[in-house]
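Asks: So the chains spell out like this:
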Amino acid sequence: MWDYKHQVLHMTRLKPWMLFFAVKLIEVAVQARPKALARILFHPDPEQRHSMRWYTRMGRRVWFREVWGFLARDGRVTDGPTLAEFWGAPQDAEEESMIVGRQPRKSVAPVIEDRRAPAARKLAG
Amino acid sequence: MNIVLINPPHTAIGSRVPDDHLPPLGLLAIGGPLIDSGHQVRLVDAEFGPMPLAALVDEALRGDPDFVLIGHSGSTSAHPTALRIAEMIKARAPEVIVIYGGVFPTYHWRDILAATDVFDFIVRGEGEATVTALVEAIEMRQPVASVAGIAYRDDFGHPVATQPAMTIADLDAYRVGWELIDHRRYSYWGGKRAVVMQFSRGCPHLCNYCGQRGFWTRWRHRDPVKFAKEIAWLHREHGVDLINLADENPTSSKKAWRASSPTIRTRSKRSMSRRIAGRRSSASPRIAR
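Protein sequence lines correspond, in order, to chains F and P.
First residue of the first sequence: 0, per numbering that gives the first Met the number 0; consecutive thereafter.
First residue of the second sequence: 0, per numbering that gives the first Met the number 0; consecutive thereafter.
Hints should not be assumed to be uniformly reliable.
Stated by the list, open to error - With the Cβ distance kept under 10 Å, some of the chain P side facing chain F (calculated, not the full set): (1) Ile12; (2) Gly13; (3) Pro17; (4) Arg123; (5) Gly124; (6) Ala144; (7) Gly148; (8) Gln162; (9) Met165; (10) Ile167; (11) Asp169; (12) Tyr187; (13) Lys191; (14) Arg212; (15) Phe214.
By construction, these hints were calculated from the structure, which means they are not laboratory data.
Ideal Cβ placement from N, Cα and C applies to all residues, glycine included.
Could you put together the complete structure from these sequences and hints?
Replies: Dropping the structure here:
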């Protein structure tokens, strides 16, 4: 499994399991704050309460899935590709995938003399 | 032409953990213009189940399509799955033209086309105008080199790209092909009937860790009133209760964003949920209403 969260390429001091479980511990600590729990349980807006409980339920599934993956499912390789090998040559010059198209000018409706709108403002005097 | 759009079964956590699935907006966005150009279009959404690849290919090749379009909503992690699907399609029906699009192929077209010949064309950047022009060029037997925003292998097998496509100046010029989905199948937040929409594309900020700005090239937004009317229509006609905005930064123009809210409130029978992912600095209590 590879997704946007797994971007740590190299560490000088921590072993992978240290970093992984430190992050997992932080996630539990943040979600288990009394204030956070109270908000999920007792938020006055039922829609907000429903959505927060749904996110919490999904977060719990992800937490266990990632721990299980780290311990049992996902193998880590020691001879994997370098970043340059994985992504290829830098593409700084191609960052913008398109060229900017301009909005066509809006056509101006023709003015018919006898239906010309009165001047919006007239000077006094 | 007979065209099949494929949403691959994604392997990423975001797709596999929730029980809900959201419609593949990118594919629907190119499906609408293709239908409006007179083509017969069908969507195979393999996220449900998820569908095994053999069953997905069976379903995609039912009815002998001329084109198979594979999109993956910008997910790099879905590329191996998209590649496997294209290989299986080409093994069974080599005459079917496979077109591939999304953020990953937009930037990695050289690597992809050098490594495999199962993708006939790659669409770079926004697909609405480019795919329509490409299908029309092939149908009319015109040279594809005249179509901007594509990559393919030349006669010598070398990957080549045509000039970049123009960004779509008027986002309301193309409609989303909502008729390609059964809205009852798509939900979010635990069973709430939901769709993904875009009010705007791109982002004006220069964050160096994010590729969205470059992909969309320029921040643009839809007409706020037309956007709001579409939301209200989805709510009234299809019972959609939740809009998941796929914008990078919908509130870049606060004036345009505010202009959409009164129409939504007026035209919807009851309140709707709008889930917005954007910059915290762009949000305020008034904007969020």
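Asks: Please go over all the hints and tell whether each is borne out by the structure.
Replies: Against the structure, the hints come out as follows:
1. Taking 10 Å as the C-beta cut-off, the interface hint given for P:Ile12 holds, the closest approach to chain F being about 6 Å.
2. Because the smallest distance between the Cβ of P:Gly13 and any Cβ of chain F comes to about 7 Å, under 10 Å, the interface hint for this residue holds.
3. Of the supplied interface hints, the one on P:Pro17 holds, with its beta-carbon coming within about 6 Å of a beta-carbon of chain F, less than 10 Å.
4. The beta carbon of P:Arg123 is positioned within 10 Å of a beta carbon in chain F (closest approach about 6 Å), and the interface hint is therefore held.
5. A least Cβ separation of about 4 Å between P:Gly124 and chain F falls short of the 10 Å threshold, and the interface hint therefore holds.
6. Hint status for P:Ala144 relative to chain F: violated, with the closest Cβ pair at about 17 Å, above 10 Å.
7. Of the supplied interface hints, the one on P:Gly148 holds, with its beta-carbon coming within about 7 Å of a beta-carbon of chain F, less than 10 Å.
8. The interface hint given for P:Gln162 is met, as the beta carbon of that residue sits about 8 Å from the closest beta carbon of chain F, less than 10 Å.
9. Annotation: P:Met165 was flagged as interfacial toward chain F, and the flag holds, the nearest CB pair being 3 Å apart, inside 10 Å.
10. For P:Ile167, the suggested interface contact is upheld, since its CB lies about 7 Å from the closest CB of chain F, less than 10 Å.
11. With its C-beta approaching chain F no nearer than about 6 Å, P:Asp169 sits inside the 10 Å limit, and its interface hint holds.
12. Taking 10 Å as the C-beta contact cut-off toward chain F, the hint placing P:Tyr187 at the interface holds, the least distance being around 8 Å.
13. With its C-beta approaching chain F no nearer than about 8 Å, P:Lys191 sits inside the 10 Å limit, and its interface hint holds.
14. Hint status for P:Arg212: holds, given a least beta-carbon distance of 8 Å to chain F, under 10 Å.
15. Checking P:Phe214 against chain F by beta carbon gives a least distance of about 5 Å; that is within 10 Å, so the hint holds.
The structure fails hint 6 only (numbered hints given earlier).
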